[in-house]
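We have chain S already, so just place chain V on it with the hints.
As you go down the protein sequences, you meet chains S and V in turn.
Okay, so the first sequence: first residue is 1 according to my numbering, each after it adds one.
Okay, so the second sequence: first residue is 1 according to my numbering, each after it adds one.
Possibly wrong hints are sitting among the right ones.
[To be verified] Keeping only pairs whose Cα atoms sit at most 27 Å apart, straight-line, the calculated BS3-like set for lysine-lysine is:
1. K64(S) with K77(V)
2. K100(S) with K111(S)
3. K86(S) with K111(S)
4. K71(V) with K100(S)
5. K64(S) with K71(V)
6. K143(S) with K128(S)
7. K86(S) with K100(S)
Don't read these hints as lab results, they were simulated from the structure.
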Amino acid sequence: MRRNKWVYLGILALSLVMVMGFATVAMATGAVADPEPAVPEWGNWYVMGWSAVNFFVLLALLYKFGFNPINNMLEERTNTIESSIKHAEEVRVEVDQMQKEAQANLAESRKEAQEIVARANRTAEEMKTDIINKANEEVSTMKERALSEIDAATEAARVELRDTAVTLAIMAAERVLERAITEEDHKKMVREFVNEAGDYLC
Amino acid sequence: MIFGMWDSVLFHLGPIPVDHLVVTQWCIVVILALVAYSATRDMQLVPRGLQNAFEAAVVWTYDFFTQLMDKEHIAKKYAPLLSTFFLFILFSNYSGLIPGAAHIPGFQPPTSNWNVTIVLAVITVFAVHIAGFQEHGLGYMNHFLSPNPAMLPLNLLEEITHPLSLTLRLFGNIFGEEMIIAYMLFLVPFLVPFALMALSVLLAFIQAIVFTILSASYIATATGDDH
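The following block holds chain V by itself, in its conformation from the complex:
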């Protein structure tokens, strides 16, 4: 019962249970896909309206990640993944601001559950190592022995702490934020939670940015020439 509020099964798809969280994720996927589809449904050589905004956003992500990761081909290759991280996390975080979230059983932002955030972190880890091997081949293994073979245990530890920190940071922030807002709505259901919700708009954005930038910097480190 204690965990039920946070992680309840809404229905079963055959033998597979579908949690509320998963349905929230579906909604996010559908919304983002619809926006993307409507933006690029009728592509024009001279962009207008939503296409223009979408193109500007995509080009901006390329520029942003190129600046962050130094290598343009890596940035262009991983910009879709990193942008998807950002949008998925951002929309997940913002879904916690919809009235009723964290109060109605099962309705909570997916990122407030660490089963979700660890999946994102593990995807980052895979992306980092795939990018590293693609860029350096087997020479990427030297990365674990740099600057000195004696550092191998620490380097291996780092490979565990990276995803763990990504998981816990995102989960902790959003879960904490949701808890505080839920308590505030329960204790003082007028005006006070509103200020906190305004703050969490910022927080949700910052967490999405932080996860994305950290993932990008891990990929940049793995593909960099300095190891």
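Chain S extracted, bound-state conformation:
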């Protein structure tokens, strides 16, 4: 601001010096005449003609170098802006289209992914059920086998026990009777005994 003030003052002072200097020089050289209260001469056709020519030349030059190129430029700029806006609109429509497509693709992909997951879940579930069923089957098979083995073992043990009991009974009977009984008696007696007492023994 302060600097501007000095610039202005400087220009002002310089202008003053120029005016005064020029006036002084003009006066000193006698170029300056005492201004007469003279109304300019009327009807100088040459000045009128020249003025008209000069004015139209200026008009033509300003039109050629000023208005014409600027009008063209303004028009060109308008066209450029319009085409840019149009292009932007086209691009926007295209982008919208692409966005819609992308969204559709995304939705489809998501659906597919969900299907895949669902299928995987289903498969897993099936496999799980399968495995469990198999395991159950195996277990039941094993259980049955174990039970049959147990039954067999029980039967074997029962038979063995029965044999042992027969033997013991025979030994006891021998002791009581103190005589040998025939094999046939023996077996008969045992069978009867076992049949009677079998239920108690097992």
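Relative to chain S, chain V alone:
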């Protein structure tokens, strides 16, 4: 001798005398043409510097004259002419502020001579009527009979007073201003003329504006729909 100071012949171009005034006009034409040329020499789509200022000025004149004249196509058509009036008159008026003007014989603002201002006024008259006929065709003639055929003499008188007032207003203001400054420089050649010169900067601008706006309003009246 009395008129010599104001209207002297500087040289002859063949048989045609060339006055000082005419040379001043040439200088103005050359300066304005050079500025216009340098502004639009290398036009860019994105304007910079002088081109930007020049474009802004041109667009401003379009807007200004459109507001003034109501019809955009007329404003755009006559903006170059009216702008040339403005610039030519403005630079002519300002040439009177160059040191030595009105003191050195022959060196005076062209607009301080009514041979020049009447030419400008006559150009305005032609422009007004051409614009009127272009806009309304032969119906433009009704303009002279409106609002009543009895007004014909007054309307015709108006066609004379318009250019006369344009001529005399511009000539009188600039001539008077030049005379006062010349006398002041002669009588009190220090500080006092300076204040007057500062005032005449404003005056020169106002006169250029007034001539332009009046011409525009005459054209607007001739092309308007109200007659």
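To see whether the hints hold, each was checked on the structure:
Proximity of K64(S) to K77(V) is assessed by CA-CA distance (about 14 Å); at most 27 Å being required, the pair is judged to hold. Restraint check for K100(S) and K111(S): the C-alpha separation of about 16 Å stays at or below 27 Å, so the hint holds. Under the criterion of a C-alpha separation no larger than 27 Å, the hint pairing K86(S) with K111(S) is inconsistent with the structure, at around 37 Å. For the proposed pair K71(V) and K100(S), the alpha carbon gap of about 48 Å is over 27 Å, so the pair is violated.
Proposed proximity of K64(S) and K71(V) is supported: the alpha carbons are some 24 Å apart, at most 27 Å. Among the hinted pairs, K143(S) with K128(S) is consistent with the structure: their alpha-carbon atoms are about 22 Å apart, no more than 27 Å. For the given pair, K86(S) sits about 21 Å from K100(S) by alpha-carbon distance, which is consistent with the 27 Å threshold.
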